[in-house]
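Dock chain B against chain U, hints included.
Chains as they are written, first to last, in this note's numbering: chain U, 366 to 551; chain B, 290 to 612.
Rather than coming from a laboratory, the hints here were simulated on the basis of the structure.
Computed from a predicted model, the values in this text were never measured in an experiment.
Using C-beta positions, here's what the derived DEER-type ranges look like:
#: 1; chain 1: B; residue 1: R558; chain 2: U; residue 2: L422; range: 30 to 38 Å
#: 2; chain 1: B; residue 1: G536; chain 2: U; residue 2: E505; range: 53 to 61 Å
#: 3; chain 1: B; residue 1: C347; chain 2: U; residue 2: S444; range: 30 to 38 Å
#: 4; chain 1: U; residue 1: T535; chain 2: B; residue 2: V545; range: 48 to 56 Å
#: 5; chain 1: B; residue 1: S341; chain 2: U; residue 2: S444; range: 26 to 34 Å
#: 6; chain 1: B; residue 1: D493; chain 2: U; residue 2: N426; range: 47 to 55 Å
#: 7; chain 1: B; residue 1: E355; chain 2: U; residue 2: T535; range: 35 to 43 Å
#: 8; chain 1: B; residue 1: E355; chain 2: U; residue 2: D435; range: 29 to 37 Å
#: 9; chain 1: U; residue 1: T535; chain 2: B; residue 2: D493; range: 19 to 27 Å
#: 10; chain 1: U; residue 1: D508; chain 2: B; residue 2: E470; range: 57 to 65 Å
#: 11; chain 1: B; residue 1: V594; chain 2: U; residue 2: S444; range: 55 to 63 Å
#: 12; chain 1: U; residue 1: T535; chain 2: B; residue 2: A378; range: 22 to 30 Å
Beta carbons: idealized from backbone N, C-alpha and C, even for Gly.
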Amino acid sequence: MPNPCIKQASNNFERQDTYRYLLGRYYVWGIMRSQKGIKMLNIYYGDMPEAIYNTSLYFDNTYYDNWLQDDFSKKMIKSVDKAVVLSGQAVESKALGVIPVTKLSGGLKTLLLISHQPHKIFNASTCGDNCAKWILKIAERCDTDITINLRHIMDFGSGHFQIRILNNDTVVNNMSELVQVAGYYI
Amino acid sequence: MKGSHEVIVQNKRLRYRFVVHRNITILRGDSATGKTTLIEMIKNNAREGIESGIEVICEKKCVVLEKENWERNLKEYKDSIVFIDEGNAFVKSEDFATCVKKSDNYYVIATRDSLFNLPYSIREIYGIRNTSGNRYQGTKRLYSELYHLYNKDAFAEKPDKVIVEDSNSAYQFFDELCKREGIYCEPAGGKSEIYRCVQKSREDRILVIADGAAFGPEIERVMSLKYAKKMVCFLPESFEWLILNSGLIKEKELSVILENPSDFIESERYFSWERFFTKLLTDKTKDSYLAYRKDKLNPTYFQEVNRAKIVNGIQEVAGSKII
Numbered sequence: 366m367p368n369p370c371i372k373q374a375s376n377n378f379e380r381q382d383t384y385r386y387l388l389g390r391y392y393v394w395g396i397m398r399s400q401k402g403i404k405m406l407n408i409y410y411g412d413m414p415e416a417i418y419n420t421s422l423y424f425d426n427t428y429y430d431n432w433l434q435d436d437f438s439k440k441m442i443k444s445v446d447k448a449v450v451l452s453g454q455a456v457e458s459k460a461l462g463v464i465p466v467t468k469l470s471g472g473l474k475t476l477l478l479i480s481h482q483p484h485k486i487f488n489a490s491t492c493g494d495n496c497a498k499w500i501l502k503i504a505e506r507c508d509t510d511i512t513i514n515l516r517h518i519m520d521f522g523s524g525h526f527q528i529r530i531l532n533n534d535t536v537v538n539n540m541s542e543l544v545q546v547a548g549y550y551i
Numbered sequence: 290m291k292g293s294h295e296v297i298v299q300n301k302r303l304r305y306r307f308v309v310h311r312n313i314t315i316l317r318g319d320s321a322t323g324k325t326t327l328i329e330m331i332k333n334n335a336r337e338g339i340e341s342g343i344e345v346i347c348e349k350k351c352v353v354l355e356k357e358n359w360e361r362n363l364k365e366y367k368d369s370i371v372f373i374d375e376g377n378a379f380v381k382s383e384d385f386a387t388c389v390k391k392s393d394n395y396y397v398i399a400t401r402d403s404l405f406n407l408p409y410s411i412r413e414i415y416g417i418r419n420t421s422g423n424r425y426q427g428t429k430r431l432y433s434e435l436y437h438l439y440n441k442d443a444f445a446e447k448p449d450k451v452i453v454e455d456s457n458s459a460y461q462f463f464d465e466l467c468k469r470e471g472i473y474c475e476p477a478g479g480k481s482e483i484y485r486c487v488q489k490s491r492e493d494r495i496l497v498i499a500d501g502a503a504f505g506p507e508i509e510r511v512m513s514l515k516y517a518k519k520m521v522c523f524l525p526e527s528f529e530w531l532i533l534n535s536g537l538i539k540e541k542e543l544s545v546i547l548e549n550p551s552d553f554i555e556s557e558r559y560f561s562w563e564r565f566f567t568k569l570l571t572d573k574t575k576d577s578y579l580a581y582r583k584d585k586l587n588p589t590y591f592q593e594v595n596r597a598k599i600v601n602g603i604q605e606v607a608g609s610k611i612i
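Isolated chain U (complex conformation) (with noise of 0.2 Å):
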């Protein structure tokens, strides 16, 4: 009788493989179309072990008060957490009074890790529907190609976008396109 075990490790190892290459693959393909200038926003659906998954703690321990400072930050902040930015320290939120930035919305936090440190993978599943307009936004003005991880179905609105799944490497460009194929991979 076959041993589960050994199938299981099998099992692993050809998805840590196909993970590999797909992360590859993408490399890769990122740096030929970074020569042309064309971005795009990539996502990978389902467990990511590069990814930061406690986003507020990294956020907490990592930013700069100049995150906050520049009109872009400030028009999220406003929208998502409807708090008017201070200083480089704290905010005034509609709900909590004056706060000090480490108790912005944990979803707002993902927005502004992702916005300035483009080449690290977040655990974008932190931020809700009203952050996924913003996160086109960023990756739209971004010189880089940004990547996020996501573990649920994030809804990007009705509109055209055109966003790269990594998981099976293909285009889709709407939402009818992206929740055909992001379902088989949270």
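Frame of chain U; chain B shown alone:
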């Protein structure tokens, strides 16, 4: 633990008020609605008591479980409502699911991840919204409540295809109904296969029937297919609940139980409510002509009068004819 428990968490600025109905409640929804703030307030109250300036009003003890030593800490919590914030990856693990299954606590978990190891109900997935605000001693208090994220769909058209969660009695019953209407009925082979089944379907209008009591982990990806397919979901607690609710079984006690199931369902004994309803139906029909078996539906249920009663009950729950 059993029963529904109201929880009020407040300080001078904020007030949360909601009711926890069963063993697992999921908090999600938009960012910046106050999920983390709620859990931090409970944590500060549990640690500092009244000196925190935060008031937690609940007949059960409210505690917060964090990543560090979660297994050891969880063993100490008895008959409590356990809150877990986002960022705690352990909630996805099988070990956590095993602990939840064995414990007599209720759990309120803030996460957007689908927790496939936990059989939570579609009716216990909530977001937080602010309903009103007033000024109190110069501060602003926002009154919050929980609201259902996944509502029952409207059934406007007759489906071309019906997908039923598994091949047990529910499928056998709905298959019989579908045959009469000339509709193709397919068993999905488990709730985790429903997404794949809908995705591969070529029919125009698809009706999905599954047990809502444990469909929580699947609801998001299945419902997301509405972007790509004409699909509606009918998600009652369970097929057994539909039979019990139809009035086919004459028992005085039944209406009392069905009105407030949480008062009768001990979380330690029943991981999800559909197991309770299966046992209840099996016990109530034992040794009678309606004797119920989950794997093979008693032919009595297909008889004209009995079938009509169940169908009427289904229509009442769905709001209109579904097949």
